[in-house]
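Heads up: the protein sequence lines correspond to chains A and Z, in order.
Every letter in the first sequence is one number past the one before it in the numbering used here, and letter 22, counting from 1, is 22.
Every letter in the second sequence is one number past the one before it in the numbering used here, and letter 168, counting from 1, is 168.
Derived by calculation from the structure, the hints in this document are not laboratory data.
All residues carry an ideal CB built from backbone N, CA and C; glycine is no exception.
Check before you lean on any hint, since a few could be wrong.
What the hints assert, rightly or not - If the Cβ cut is set under 7 angstroms, some of the chain Z residues that face chain A in the computed set are:
| hint | residue |
| --- | --- |
| 1 | Phe-9 |
| 2 | Val-47 |
| 3 | Pro-51 |
| 4 | Ala-52 |
| 5 | Pro-56 |
| 6 | Trp-65 |
| 7 | Tyr-68 |
| 8 | Arg-71 |
| 9 | Ala-98 |
| 10 | Met-124 |
| 11 | Val-127 |
| 12 | Ala-128 |
| 13 | Asp-129 |
| 14 | Gly-156 |
| 15 | Lys-215 |
| 16 | Ala-252 |
To be verified - Cut-off 25 angstroms, straight-line C-alpha distance, at most; resulting in silico cross-link-like pairs (SDA-like, lysine to any residue):
| hint | chain 1 | residue 1 | chain 2 | residue 2 |
| --- | --- | --- | --- | --- |
| 17 | Z | Lys-122 | A | Cys-7 |
| 18 | A | Lys-257 | Z | Asn-148 |
| 19 | Z | Lys-257 | A | Cys-7 |
| 20 | A | Lys-126 | A | Trp-63 |
| 21 | Z | Lys-257 | A | Glu-215 |
Said to hold, decoys possible - Some residues of chain Z that are not near chain A, with every Cβ distance over 10 angstroms (derived):
| hint | residue |
| --- | --- |
| 22 | Thr-40 |
| 23 | Gly-54 |
| 24 | Asn-70 |
| 25 | Gly-143 |
| 26 | Glu-159 |
| 27 | His-213 |
| 28 | Phe-274 |
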Amino acid sequence: MIPRERCAYSAIVDRPPLTLPNRARVVVWTIVNLEFWDISRPMARQVLPGPTGQALLPDVPNWSWHEYGMRVGVWRFFELFARLGIRPTLSINARVCEEYERVARAAREAGWEFMGHAWEQMPIHKVADQAAMIAKSLDTLGRFAGTRPVGWLGPGLTETEETPDLLAAAGVKYIGDWVYDDEPTEIRTAHGPLITLPYTVELNDIPMMLVQHHESPYFTQRCIDSFERLYREGAERAKIMAIAIHPYISGQPHRIKYLEAVYDHVNRHAGVLHWNGIEILEWYLAVRGNQ
Amino acid sequence: MLPSERLEFSAITLRPRLALPGRARLVVWVIVNIEEWDPTEPMPRTVLTPPAGGAPMPDIPNWAWHEYGNRVGFWRMLDVLDRHTIRAVLAINGSAIARYEPIARAAMHRGWEFIGHGFSQKNMQKVADERDDIRKTAAAIRGFTGRNPHGWLGPGLTETWETPDLLAEEGYEYVCDWVLDDEPVLLKTRTKPIVSIPYTQECNDVAMMLIQHHKASEYYDRAIDQFEQLYDDAAGSARIMALVVHPYIMGAPHRLKYFRNALTRIREYPDVLFWTGKEILDWYLAQS
């Protein structure tokens, strides 16, 4: 199905506002992405292209740049979120539970929500048997975390035309791939409705640092600019602000303080909730009917 | 026709003076671009590349990123333009009028000008039948607003050698693709001339944010730098300044205020007019 068959265009101003408990204005949804990069294939992202642009295989420099996030960077995240009392959503390639069990265990022990993020980091278009990959990923995460994930984010947010149908059939309740609104929405699938949550490609360290090549402090500035606008709009209509981070990017020593500064700013405001994907989903399902 | 066949080189300082009504020096026109991106084709722009590159289809994340502008971002922008009592120019794909009818309705209700922007967001050199595309776009605008569009902006400013001829033959009176001057100029066509009104690739969020990857604040800084220079230049003869925005870019929550603040600053000048393209056209034709 193409997007139009799943959901008609809707202007946000034509919908009744959603309201949060205790007149809260903004939900901050933090998503930490953990990935497995297969050294036998081209790397998912590169900080350093090969000399003269030659593709390298194996690509050890970029593999180890990502590996740094798992060995070092992610522990800065665990420390930060423990200190703040925030339990993010973990967007996790299921293979991470096997290859980086120590990291996945720390997230489980910290009470983070496990969200499906495919088996490993490659465009979903290149997966030979998508249904089997989805089942294997959700089974693996379910076994590891103790509960089966209800959320899903495609690797690089990728989908084929049938992905939402396969996800709904596998029991997934929400997806993050549709970054087309400030509110959750419902889309059609061949196996019943699926909810989209407003994930982000704006407050996301991949487009900002690896594609647009912004300086590290700009992460703080852009998040604060977003927050201030959404906080103002949140007086009339509940707003959700996602922050998407990767340990190999925002976990770098030179970037972590700019992430910390975002939470310092946001937490100085009343009416801000830090929720995970399941909490947003349950709230939306409860309130959308009775506005 | 080659550009040199459409107009001769002309240095701006050697032309007769253009004068605006009252003691106005400068006209600013704001163009809001509304597009429809076909999810079965490659996306015109992207914010996120897929892991390990390539261009897998469909491209849902980038389709959704653009769609955000029409669902949410446009409405923020509308609020800013309302507060500054600015009637913008809506450069709209013909197909987007029906698809995003609430947007077209909001623009018509406020008396914005509609200009053709291709039937879909596709390079004019790849459109199968260019005349038909131009005609269908005019028909879509006429069907909704009750009148033919006066102006045209090619998708991505693209043209074939024939585009200005076709536009003139199909009743368009001005074109925005020729960003070669600070004053309107006349372009020859096979039939009657068409006016080129100064649009911009400089104060344009596509170029600034998506290609040059500037911080959002650069939109404000550049708009004001551009404005101050043109305001100075306009001491001798009127100047036109364009500000271009797309709801999926400047309508993002973190970018909007830089657009808003630029308008607030420029609005402080009593001798600056905010006009539509049609108003610029009528004034220019009356001058020459």
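Checked hints:
no., hint, in the structure
1, Phe-9, "violated (38 angstroms)"
2, Val-47, "holds (5 angstroms)"
3, Pro-51, "holds (4 angstroms)"
4, Ala-52, "holds (5 angstroms)"
5, Pro-56, "holds (4 angstroms)"
6, Trp-65, "holds (5 angstroms)"
7, Tyr-68, "holds (5 angstroms)"
8, Arg-71, "holds (5 angstroms)"
9, Ala-98, "violated (10 angstroms)"
10, Met-124, "violated (24 angstroms)"
11, Val-127, "violated (21 angstroms)"
12, Ala-128, "violated (21 angstroms)"
13, Asp-129, "violated (24 angstroms)"
14, Gly-156, "violated (20 angstroms)"
15, Lys-215, "holds (6 angstroms)"
16, Ala-252, "holds (5 angstroms)"
17, Z:Lys-122 / A:Cys-7, "holds (23 angstroms)"
18, A:Lys-257 / Z:Asn-148, "violated (55 angstroms)"
19, Z:Lys-257 / A:Cys-7, "violated (30 angstroms)"
20, A:Lys-126 / A:Trp-63, "holds (20 angstroms)"
21, Z:Lys-257 / A:Glu-215, "holds (20 angstroms)"
22, Thr-40, "violated (6 angstroms)"
23, Gly-54, "violated (7 angstroms)"
24, Asn-70, "violated (7 angstroms)"
25, Gly-143, "holds (18 angstroms)"
26, Glu-159, "holds (29 angstroms)"
27, His-213, "violated (4 angstroms)"
28, Phe-274, "holds (24 angstroms)"
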